[in-house]
Amino acid sequence: MPIRNQLFGVYKLLELKSPTGSTYRQYIAESASRRRTMDVQAKNYIQGTAKSRILDIGAISETFSFKLPILVGGASVMDGRSLILDYLAAALDETSTNLPLITSASITVSSEGGAMVDVEMLSDGLPSSVPFRVTNRPIDSIGVGGVSSPLDPINAPNPTRVAKFYDFRAKIGKFVYYIMEAKVQIKVNTEKKYFIAGKQSGWGTSSQYVNAAITNPLKSTSITNVDGSLSGNNPYNFGTQFPFIGVSGITVEGSGKAAVELFDASSPKDYDFEDYNNSAAKWEGVNVDLTPDGGGDGNNYELTWQEPGEVRTSALQAGDASEAGFALEIWNAGTSQWDNLFKNSSGTDVINLSKSVVKSSNFNVVVGVMTSDFEFQCWVK
Amino acid sequence: MGRRKKSSTVFQAMAEPTVKAPGLNSRMEPATGLLVRSVRINNNYLLVESCDIYQKQDIDVKFYIQGGPRSSVADIGKKWVEGQIVFKLSVDRSGEILTPIRDILLNAEKPISELTLDTNHTLSHVNITGEDGGFDNNSLVSLDGLVVKSLTISVSPEKDVTINCSLYGTIDLRTPGDYVTPEDIPISRAISWADCDASRFSSAMRTVSSMEFKIENSIQDLIFLTHYNEQRNDQIYGFGVKETRWQGSYEEFLRLGMEVDNYAHAGWKVGENIIFDFNAVRFLVRVPLFFKSEQPISSKLLVRKSKFLSLTSPDQNNAQGKLIYFAEDVI
Numbered sequence: 000m001p002i003r004n005q006l007f008g009v010y011k012l013l014e015l016k017s018p019t020g021s022t023y024r025q026y027i028a029e030s031a032s033r034r035r036t037m038d039v040q041a042k043n044y045i046q047g048t049a050k051s052r053i054l055d056i057g058a059i060s061e062t063f064s065f066k067l068p069i070l071v072g073g074a075s076v077m078d079g080r081s082l083i084l085d086y087l088a089a090a091l092d093e094t095s096t097n098l099p100l101i102t103s104a105s106i107t108v109s110s111e112g113g114a115m116v117d118v119e120m121l122s123d124g125l126p127s128s129v130p131f132r133v134t135n136r137p138i139d140s141i142g143v144g145g146v147s148s149p150l151d152p153i154n155a156p157n158p159t160r161v162a163k164f165y166d167f168r169a170k171i172g173k174f175v176y177y178i179m180e181a182k183v184q185i186k187v188n189t190e191k192k193y194f195i196a197g198k199q200s201g202w203g204t205s206s207q208y209v210n211a212a213i214t215n216p217l218k219s220t221s222i223t224n225v226d227g228s229l230s231g232n233n234p235y236n237f238g239t240q241f242p243f244i245g246v247s248g249i250t251v252e253g254s255g256k257a258a259v260e261l262f263d264a265s266s267p268k269d270y271d272f273e274d275y276n277n278s279a280a281k282w283e284g285v286n287v288d289l290t291p292d293g294g295g296d297g298n299n300y301e302l303t304w305q306e307p308g309e310v311r312t313s314a315l316q317a318g319d320a321s322e323a324g325f326a327l328e329i330w331n332a333g334t335s336q337w338d339n340l341f342k343n344s345s346g347t348d349v350i351n352l353s354k355s356v357v358k359s360s361n362f363n364v365v366v367g368v369m370t371s372d373f374e375f376q377c378w379v380k
Numbered sequence: 000m001g002r003r004k005k006s007s008t009v010f011q012a013m014a015e016p017t018v019k020a021p022g023l024n025s026r027m028e029p030a031t032g033l034l035v036r037s038v039r040i041n042n043n044y045l046l047v048e049s050c051d052i053y054q055k056q057d058i059d060v061k062f063y064i065q066g067g068p069r070s071s072v073a074d075i076g077k078k079w080v081e082g083q084i085v086f087k088l089s090v091d092r093s094g095e096i097l098t099p100i101r102d103i104l105l106n107a108e109k110p111i112s113e114l115t116l117d118t119n120h121t122l123s124h125v126n127i128t129g130e131d132g133g134f135d136n137n138s139l140v141s142l143d144g145l146v147v148k149s150l151t152i153s154v155s156p157e158k159d160v161t162i163n164c165s166l167y168g169t170i171d172l173r174t175p176g177d178y179v180t181p182e183d184i185p186i187s188r189a190i191s192w193a194d195c196d197a198s199r200f201s202s203a204m205r206t207v208s209s210m211e212f213k214i215e216n217s218i219q220d221l222i223f224l225t226h227y228n229e230q231r232n233d234q235i236y237g238f239g240v241k242e243t244r245w246q247g248s249y250e251e252f253l254r255l256g257m258e259v260d261n262y263a264h265a266g267w268k269v270g271e272n273i274i275f276d277f278n279a280v281r282f283l284v285r286v287p288l289f290f291k292s293e294q295p296i297s298s299k300l301l302v303r304k305s306k307f308l309s310l311t312s313p314d315q316n317n318a319q320g321k322l323i324y325f326a327e328d329v330i
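In order, the protein sequences belong to chains A and B.
Residue numbers for the first sequence follow numbering that gives the first Met the number 0, so the first one is 0 and each next one is one higher.
Residue numbers for the second sequence follow numbering that gives the first Met the number 0, so the first one is 0 and each next one is one higher.
Same shape as in the complex, but just chain A:
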C-alpha cells in the first residue's frame, strides 16, 4: 500500500499537559519540535594516550519549540495566544510544579504576514512527565476550552480564520499611526539546579532513572521526600540527571516597524518637515523627528527628547496622560470590542503592559516606504 498518511503530521494533534498537571489540551500549530539533549564531553588528562577514554556525562535537557498562528473564531481556544496565556499564568504561579514551563514567547503581528507566535518551553526530561505528546485524537469529536468541535465551521461559534492586520491595533509610545509590524518578546528566565544527593535508598523499581524516595535530611529518620510524600517518583530528583527548575524573572520587550510620513504643510512651502501642521493637528513628520529643537514648543516626540524614565506617547502630546502608553490589542468578534492581547478567557490580564519606554528608533530612507524601526521595553505588572 503506497498510501502512508501515517507519515504526515497534518493528521496528528499536538497536545500539551495543562498547567494543572492532570489533563491535556490540544493546540493548532504550524510546527512543533521536541528536543532532548544530554551534555556529554570527552575529557583528556595526562593519561598516557590521546584517545578519549573518559567521558564527562552531564545533565539532561528537554526543550520544546512551537510555531502557532493567532486565530479568530471557534478555534481561537487552540491558538498561540491561548497557549501563551495558559502557560504564562502558570509561570507566574509560585506554587506551580507542573511542566512544561514556558521560557519564551515571541508574538509577531505584521500588516502583511498576519500574526504568529513562537514559543519555547522547557521540561525536565523525565519520561514519566510526558508534558508533550502527539495523538491522532479525532478533532471533530472533542471539546477544547469549553468549545466543542472548535474547528468545525458549522458547530463552532464561528468559522475560524487567521487573525489579520485589521484584527490588531497597537499603541507603542509615540508610535500610533502606520504601524506595519509589532513584535513582543516575553522571556521567562529560568534556572536549573542540580544538587548532590542526600542519603539514598537505591534506584526505584517502577520508574527508570528516577531516584527513589530519599531520607528527609531534616528529619533523618523515615524514608520520605522533603515534601513529606513517600512517592518513589519524587519531584525533587536528588541524585539524578533531572534538574530543579525555577522561574527567576519575566521580562517583556519588543520591536516594531512603522511607516514614516513626511508632509510639507507650510505655506509657502519651506521644504522641511520640522513644523507642526495645525490644520491636520500633527507634526509634518510622523513617526520621526527631524526638528533641531523638538518643535516650536519643545514638545515634539522624538526618543532623545524623553526625560529619564518618561514615557512619551501621542496621548501625552495631546495633554492627556490618562491614555495608556502601551497597548497591543486584538479584536474580539464575539463582544465586538478590543481586548488586551494578554487577557485570558476569564477576562483577566495575565500581564499588564500598559507602560513602555521606546529605547531605540532607526529612521530608514529607501526607495519605497520610509520606515522607522523601533524597540521598546515594558513594565510588567
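Worth flagging that the hints you see were computed from the coordinates, not collected in a lab.
In this text the structure is predicted, and so the values were computed from the model without any measurement.
Glycine included, each C-beta is placed from N, C-alpha and C at the ideal position.
It cannot be assumed that every hint is accurate.
Stretches of chain B that chain A covers, calculated by requiring three or more beta carbons in the stretch to come under 8 Å of a beta carbon on chain A [what the hints assert, rightly or not]:
| hint | stretch |
| --- | --- |
| 1 | 56-68 |
| 2 | 217-226 |
Not close to chain A: a few residues of chain B, all C-beta gaps over 10 Å, as computed [stated by the list, open to error]:
| hint | residue |
| --- | --- |
| 3 | Ser49 |
| 4 | Tyr53 |
| 5 | Ser71 |
| 6 | Thr115 |
| 7 | Phe200 |
| 8 | Ser208 |
| 9 | Asn232 |
| 10 | Tyr236 |
| 11 | Glu242 |
| 12 | Ile274 |
| 13 | Asp276 |
| 14 | Glu293 |
| 15 | Arg303 |
| 16 | Lys304 |
| 17 | Gln315 |
| 18 | Asn317 |
Let chain A serve as the given structure and place chain B on it in line with the hints.
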C-alpha cells in the same frame, strides 16, 4: 420557421437540455455589455471596449497540525481595486481629446491624485469580509481612489489608436454610485493609423509600420495595523508610486531608400526628440535610452524592432520632464 413543439407544460424539463449542453443554456437569457459599455471617469462619460475593474481580495485557506488534511481555517487578507479598461483614443467635433481620456493620460504621466470610476455593474463590498461574508451587502459605489498603474497606447495600419489602461487603488469615501448612461452622448471620432505620425531628429521615420508607447507606474500599496482610534477596515490604507517608467517601441519595414541611421546599437541619444504623434496627443521623449535593435530574418517582409526608455527629469514640473503634449501644447 419550424412549428413549436407541442408540450404539456410551458417549461422544458431540466434533464433534456442539460444532457445536450452543459450549463443552463436552454434557460438563460444571454446578457451583453453592448448597451452599457460606457463608464464614467471623473464624472465624464467614456465609451470603452471593455471594463474589467473589480474589487479583489487575498483569500486562501491555511493548513496546520490540526488533526486532518481538510481546510478549516480561512485566511482573508487585504482588499483592493484593480483591473483595466480598453478604449479608443477619440476626439470630439472640434478635434479636442475627450476629457476623460485627457484625465487618464495626465494621471498616467503624473499619478499624484486619484481618478474616480463609475460603472453600473461593478459591485463592491465595503464591510470586513472576514465578518460579513457571502453575497449580500454589495453596493454600487464609486471607485474613487484609483491611479493608472500602466497605460499602453498603440496603433498599427488599418486600426484605430487603442489605449489599454490598468488601474489600481481602493475605495476611499464610499460614495454611492449613481451612474446613469447619459441621454446625449457627445459625437466623437476615433483616431486611426491615418491620423498618426512619428519622427525623431535623425529620421523622418517614414517606414514605421506600428508604434506603441507604454507608461508603467510601480505602485506599492500600504496596509497597517488598525489605527488606534479609527475603525477597522480590510481595505488597503493607501498606496504610493515608487517609480515611473516610460517606454516606447516601434517597428519599421526595410526597403531601399530608408535612412541609414536606424539600427540602434543601444545607449542614450541626447536631443533625439522622438515624437509619437497620435493626432490629438503626442508623446515626446527628448533623451531616449535605446535597447539594441532586433532584426529578425524571415521569409516575409523584413521588419526591424526598436525599443527605448525615456531619460527625463525626476521633477515633472518643467519642460524637460514633460511627456504628453495635447493639441494646445507647443513642443
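How the hints compare with the structure:
1. Taking a C-beta to C-beta cut-off of 8 Å, the stretch 56-68 of chain B contributes 8 residues in contact with chain A, enough for the three needed, and the coverage statement holds.
2. For the stretch 217-226 of chain B, the stated coverage by chain A is satisfied: 7 residues place a CB nearer than 8 Å to a CB of that chain, which reaches the threshold of 3.
3. A cut-off of 10 Å between C-beta atoms confirms that B/Ser49 is not in contact with chain A; the least separation is 32 Å.
4. With a closest Cβ-Cβ approach of about 20 Å to chain A, B/Tyr53 is found to remain outside the 10 Å limit, as its non-interface label requires.
5. Once the 10 Å rule is applied to beta carbons, B/Ser71 is inconsistent with being away from chain A; the minimum gap is 4 Å.
6. With 10 Å as the threshold on Cβ separation, the claim that B/Thr115 sits away from chain A holds: the shortest Cβ distance comes to roughly 23 Å.
7. A cut-off of 10 Å between C-beta atoms confirms that B/Phe200 is not in contact with chain A; the least separation is 32 Å.
8. Every C-beta of chain A lies more than 10 Å from that of B/Ser208, the closest at about 38 Å, which supports listing it as non-interface.
9. Distance to chain A contradicts B/Asn232 as a non-interface residue, since its nearest Cβ pair spans about 6 Å, not more than 10 Å.
10. Listed as outside the interface, B/Tyr236 is inconsistent with that label: its C-beta sits roughly 8 Å from the nearest C-beta of chain A, within the 10 Å cut-off.
11. Its beta-carbon lying about 8 Å from the closest one in chain A, B/Glu242 breaks the requirement of being farther than 10 Å from that chain.
12. B/Ile274, annotated as away from the interface, keeps every beta carbon of chain A farther than 10 Å; the closest lies near 30 Å.
13. With 10 Å as the threshold on Cβ separation, the claim that B/Asp276 sits away from chain A holds: the shortest Cβ distance comes to roughly 34 Å.
14. Distance to chain A confirms B/Glu293 as a non-interface residue, since its nearest Cβ pair spans about 30 Å, more than 10 Å.
15. Every CB of chain A is more than 10 Å from the CB of B/Arg303 (nearest about 35 Å), matching its label as outside the interface.
16. Consistency note on B/Lys304: stated as away from chain A, and its beta-carbon is indeed over 10 Å from all of that chain's, at 31 Å minimum.
17. A cut-off of 10 Å between C-beta atoms confirms that B/Gln315 is not in contact with chain A; the least separation is 17 Å.
18. Every beta carbon of chain A lies more than 10 Å from that of B/Asn317, the smallest distance being close to 17 Å; the non-interface claim holds.
Of the numbered hints stated above, those contradicted by the structure are hints 5, 9, 10, 11, listed in ascending order.
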